[in-house]
Structure formats: C-alpha cells, structure tokens
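Enquirer: Each chain, letter by letter, is given below.
Number of protein chains: 2
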Amino acid sequence: MSEAGIVGGTRVSVVDAMTATSAAVDRVLDRLLPRPSGPEARVIEAMRYATLAGGKRLRPFLVRASAGLFDVPEARSLRVGAAIEMVHSYSLIHDDLPAMDDDDLRRGQPSCHKKFDEATAILAGDALQALAFEVLAHQDTHPDAGIRCELVSMLAAGSGTAGMVGGQMIDLAAEGTQAGLEIVSRMHAMKTGALITFSCAAGPVLGAAPPAAREALADYSRELGLAFQIADDILDAEGISEDIGKTAGKDAAQGKATFVSVLGLEPARHRAQAHARAARVHLERFDGRADMLREVAQFVVDRRS
Amino acid sequence: MSEAGIVGGTRVSVVDAMTATSAAVDRVLDRLLPRPSGPEARVIEAMRYATLAGGKRLRPFLVRASAGLFDVPEARSLRVGAAIEMVHSYSLIHDDLPAMDDDDLRRGQPSCHKKFDEATAILAGDALQALAFEVLAHQDTHPDAGIRCELVSMLAAGSGTAGMVGGQMIDLAAEGTQAGLEIVSRMHAMKTGALITFSCAAGPVLGAAPPAAREALADYSRELGLAFQIADDILDAEGISEDIGKTAGKDAAQGKATFVSVLGLEPARHRAQAHARAARVHLERFDGRADMLREVAQFVVDRRS
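Those protein sequence lines, which keep their order, are chains F and C. The numbers in our numbering rise by one with no breaks, and the one at position 208 of the first sequence is 208. The numbers in our numbering rise by one with no breaks, and the one at position 52 of the second sequence is 52.
Please keep in mind that the hints were generated in silico from the structure rather than gathered at the bench. You can trust all of the hints, since none of them are fake.
Treat identical chains as interchangeable: a pair holds within one or across any two.
Distance condition first, Cα-Cα at most 30 Å in a straight line; then the derived DSS-like pairs of lysine-lysine:
id, residue 1, residue 2
1, Lys115, Lys56
2, Lys250, Lys56
3, Lys56, Lys114
4, Lys114, Lys250
5, Lys250, Lys115
Can you make the complete structure from the sequences, with help from the hints?
Expert: Quick look at the structure:
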C-alpha cells in the first residue's frame, strides 16, 4: 500500500490500511528479530513467537500515519513501529506471567510462558526491550543521531515508571481496592496511554515537525489513548474469549479497577465516544491528510476485538 | 578522588580507587533514580532497594578507568557507569526470581522479590532497563548525539540475546546437562563478559579514541571477563554465604555448569591467573596511565568476595 493510502484516507478504509501496515511491520519485525541458533535459541524462539503472533499493530499504524503527515520515508516509520511493537510485546509477555495477571491465553494462543516456560518468557521480554532500543539507535532509523536519541529518550520515558511500568504497578496495587476514577484514569494514561502517545509523537519527531504540529498530535493521542482503554475495558466486561484473543472477564474476576467498574457500562460507552470525538478535533490543522488518524479514533471505540 | 588517582595508579590502591568510584556512582544513581511517589511508589522503592544496595561497582570502575585514559570528564563516565549498573541490577533482580535461579539472598540482603514481591521485582527490573537507555541518550552523557547512539547500541547489543540474556538462557538450559568447557565459556562470555566488554569500550567511545586503542581495550576486557567469571565460580564453590553476599554453593546444588565443574578447582585457579596476566599484556600501549586497569585484573582473581 502506498503512503497516500494512509494519509489520503479516501481510497482505502482504515481497516484495509491497518491490515497493510500490519503486514509491512511484520516483515520488518521478521528481519530485525534474531534467528534461532546456538544453545540460546530457545529465548529467540520465544521472542519471535510472542512478537510475530499477529495483533492489530495499532501502535505501528499510529507511527506510520503520524509520520505520513510530514513526508517521512516509510522505511523509517516502520522501524520505529517495529521497535514500539517489541516493547508492547515484551510488556504483554511479562503481564501474562503467573506473578502478574496470570493469563494463559494471548491473541488466541497460549501465552509465552505457557508455550515455553516462565524463565524463558522473562528473558524473552528482557531481550525484546533491549532490541527495541538497539533498533531506534541504528542509523537506518534516521540519519540524524539527535533525532534517534530523542526517540530513545521518549520510548524509555514512556515505558518506565512514569509510563507503562508505573501504570502496571498501579494496576496490580489497585486490585481489590475499589479504586476510583482518578486512579483508574492515571493507571491507564500510564499503562497504555504513554506508548500510544509515543507512537503519535514519533511521526513529528522523525519529520522534524514544528512545535504546534507536535502539540496537536500529543493532544490527539491523549484522547485516543483514553478512548482506546475505555473500549478495552468494555470489551473485557462483555467480550468473549475468542473475540478478543485473550481471557475475557478477567478484570472483574481479579477485582481489577476498570472504567466499567467505576463508571458502569453505558456511561463508559458514552465516554469512549466522547474521547474519540475530542481526539478528532485536534486534527483540524492537518485537513484531509489526517483522515486515517480521524478514522482510527472511531475504529478503536467501534472495534469488537 | 581525582581522576589522576584512577589513571596514575601510584597514589592510591585499586581497592581505595574502587571504593571512591563506588561512592561517586552511588551519588549519581541516587540522583538519576526516581523518588518514590504516587500510587506507583512501590516499584520505585524496589528499583532503589536493588540498585543502591552496594556491590563492588566493578563495571562503573572499568568505565571510569578506561575513560580516564582519554581525558573524558568524570561526570560523563559516571553517568555511563550508572547506566551499566542499572542494567546489572535489573539482571540480578530477574536472575534471582523463583522461575530463574530462585535466590533469596543478594549482597547479604533479601533479594528484591523477597523484600517486595515477584510482580514488583519483575517490573522494577523492566523499569531499570528502560532508565539505563534514557540516561545514555541524555545530552549530559555526551554532547555528541552520535556517541550517545553508539553507547545505546553497544549496551543494547551487550544485554540482549547476543549478550547477557543469551548467556542466562544458556545457563538455564545447561543445568544438569554436564555441559563441557565450550558451552561454559560461551555462556560466561555472553552472560557476564558482554557487559564487562561494554564497560571497557565505553571509555574509548566517550573519548573518541583511535581504533587501535579500542581494540587493545576490547582484548583486555575479554581476558578480564574470563578471569572474573572463573574467580566467581571458584568463590561459589568454596565460599561461604556471608563472604560473597549471596547463597554460596548453589551452582553445584542446582547442577550448574561452571568452570570449576568442568576444569576442577586447582586448574580453574591457574586459568584465572593466566587470563589476568593476558589481560595486562594488552595494556602495554597505555604505559603507566593504565596501572589501575592492570591492578583490577589482579584484583578480580584475588578477591575473597
């Protein structure tokens, strides 16, 4: 699919565009991940199993669509998309461990520690995180080392205690505590929102875009992240296991604080739609070139898996 | 302690110099690690607990001593030393987990998952890895972004499947298999050697040193890593728990492949000394300025903890 397909928005639907990005990023991931060999082959097999198992590839799509606004070559945005997907995969591997969310299913398949073993799963996650930063720091990602360092800093900040890891810590600590809306919002903004924000910020960074464009995409990504996470909580509350490719209904069973548990199902639905609308408002300065980003905001709240 | 203390070698003993570096890197770590606050405070407490628990700080010492050969400002080498120590600490946290080496003691204290819990320990390790790359990518580490990217690439490669994680995978896979010298050597070169090599390479990279100097330090670090790891296996085989600050004799109890199990105790001792001598030979081009690196090669084989 051409880049015009992503940024034009009239010739392909967002679902087709996401499918095309998913195939493209899978090819890049396949090339960037090491090949199993030597006595350490098992951990490489586990990395490939967890990372090449499909998924919507929403984050790489956001990188590619936001980069498309600034005429960034596709090869660069796909590398950043692959890096973010490595971090996303590592977080799913570790979150599924018995000591964390204890989930046996992921994307409709046995989770990594069920397919391999716990030690291999922990190590596979660790190595995926390292590889993500190696990919970002490589000159193929961008000829300007200053931009590469900015991407490394942003991804590190988004995945550490102020982002993904901090959010997961809050999630675990809030289990069974009847946490209120404030805690749930903070948890999701960190656990899921920070990497969605990174994905939308990577485009303008790769394209050396002016501050106003960066701010507009940051505002967009904040609303998008909330819409996405509320929709995720709704899917877990009402979904069935096959649809979402993981064990559904676990949030309630584990006493997790979710938007559904603090707001109720219908108010949560309305709120997700409101955040999707607010996300689109922030794209006005980009005119028709941002149609794919507009459509993906609606997609994340309308999806059934 | 002045930098001359590190590179001069006549005024202070290597033990004094290591103690001074340890104090300096602890101050930098204390400043770089986040402060516990918010509902995610627990994971930050675990990161600080595991990272500020002392230890020899051999890797930061190697960074500082190798950087001193090229007149690198101390603030820069200490930041790189702090980053490598974050990666080292994360690896110890994860290695101690029940699913891995299942160790209750680390540096004479309860290991991270015993002091906190398994989930918090996994997350603390994950966040420490992210923070290490954030520190390296920051402009305070070096004004030249190309050099910062090189450090990120090197640390990522040294801690992934071709380095530390790959070595730990081999270590786990080799348990109870009567692995031979080839596997044990490969395992240690990856598990411990890769980060020691990074530490000795960071100095010439920070100092934009010529290729011949980089190669000499790479050769030195390879021999040093072997000397260090053989000595470590000897300490485990004959040590007592208090001395080495972790549970001794576990290698044999777990059927681990070690240099002692494949070579025997006395031949292992001779081999460690031989590697320490070989390490020193590679320092000839640096004259008296490399005395601290010479002495640390002897220190790692003579240490009792």
